[in-house]
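Top line first, the protein sequences correspond to chains D and C. Residues in the first sequence are numbered from 1 upward in steps of one, following my numbering. Residues in the second sequence are numbered from 1 upward in steps of one, following my numbering.
Incorrect hints may appear among the rest.
One copy or two, it doesn't matter: identical chains are merged, so the pair holds either way.
Within a straight-line C-alpha distance of at most 25 angstroms, the following computed DMTMM-like cross-link-like pairs (lysine to aspartate or glutamate) qualify [stated by the list, open to error]:
1. K106 to D81
2. K106 to E143
3. K30 to E66
4. K99 to E80
5. K99 to E154
Source of the hints: derived by calculation from the structure; they are not laboratory data.
The lines below spell out each chain.
There are 2 protein chains.
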Amino acid sequence: MTTAPLSRRILFSWRHFSGVLRDVLLPNGKPVTTFTLEHPGAVVIIPITDSGSIIFLSQYRPALNETIFELPAGTLEQGEDPAACAARELIEETGFAAKNLIPLGKLLPAPGFCNEVQWCFAATGLYPASAAGDDDEVIEVREMSINEAKRLIESGGLIDAKSIALLMKGLIGGLVRGE
Amino acid sequence: MTTAPLSRRILFSWRHFSGVLRDVLLPNGKPVTTFTLEHPGAVVIIPITDSGSIIFLSQYRPALNETIFELPAGTLEQGEDPAACAARELIEETGFAAKNLIPLGKLLPAPGFCNEVQWCFAATGLYPASAAGDDDEVIEVREMSINEAKRLIESGGLIDAKSIALLMKGLIGGLVRGE
């Protein structure tokens, strides 16, 4: 299904974000004005240790002024291949490299107002590696068993949607083993 | 942890969205400029039928120019209670009302750049109800078994992060029964 925009107006651009208003025709023929935050896309990685636990991050997020648990993730640089981005972000954020990066499809974090696509990967065969971290991020690594992650989801201590969704993808695909 | 913004500049406002640049101090003391899409918050509902299947929507999303499967969801109106919003959106989007709306905590769809909080509910004891639909939305209702939803997640036919995450919450909490 394709609907060409009737008009397009850029409200702002900042770094890799643009806010755009478009007049489009819905599939039912009705014209509407829609807001889209245009985003270059991102990767999310579920790093699985040899013993089957998961490497999460505890990360300060200025947009919420909170420190939350998340899986490693990062924004695609211009023209960057998602697998290359995943390998780069994994090292930068966790200090581990992976022998295997297994594609786990896509997620849409905010389809109501944002065109971001998140490319998902499982990382296995982890080994220590070092890279210059991103100085604009405040991150700590936290390894968890699957049971601990499930308890945190139930208690409200893990509420990041992409992380919970990718854990579910890993469980369904059999890469992550429920206990 | 609280960090007051050093400065705040509104890039744009449109309906319930605002794009804001703020200079803040990170917990490590480093000053950074961050972009936040300010959002009033939303609800996501997992409607569970008496036979244990789930009511999804097939919904056209202009931001992606795609029709995707999602759980019912909607944005909070000003001052609106999340449970009242969930009851309203459930009827508007699915044509069902619920005897029980069970809170399932929160999700963060895009903590990297958006302060949106999604309040989650399971809806049970469903019965037909009618309400004026939102004319700006093109929606069809689609009932699925848990197995069908899991197969769609595995095949890439269901990629909406909030929907997969809330299904996981329902499974962990025992409200949704895996087959």
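Hints, one by one, checked against the model:
1. Taking the shortest alpha-carbon separations for K106 and D81, only the intra-copy value of 14 angstroms comes in at or below 25 angstroms, while the best inter-copy value is 32 angstroms.
2. When the C-alpha separation of K106 and E143 is checked against a cutoff of 25 angstroms, the pair qualifies both within a copy, at 24 angstroms, and between copies, at 23 angstroms.
3. In this assembly of identical chains, K30 and E66 lie within 25 angstroms of each other by CA distance solely across copies; the values are 16 angstroms between and 40 angstroms within a copy.
4. In this assembly of identical chains, K99 and E80 lie within 25 angstroms of each other by CA distance solely inside one copy; the values are 20 angstroms within and 49 angstroms between copies.
5. When the C-alpha separation of K99 and E154 is checked against a cutoff of 25 angstroms, the pair qualifies only between copies, where the shortest distance is 23 angstroms, while the shortest distance within a copy is 32 angstroms.
Hint compliance for this structure: no hint is broken.
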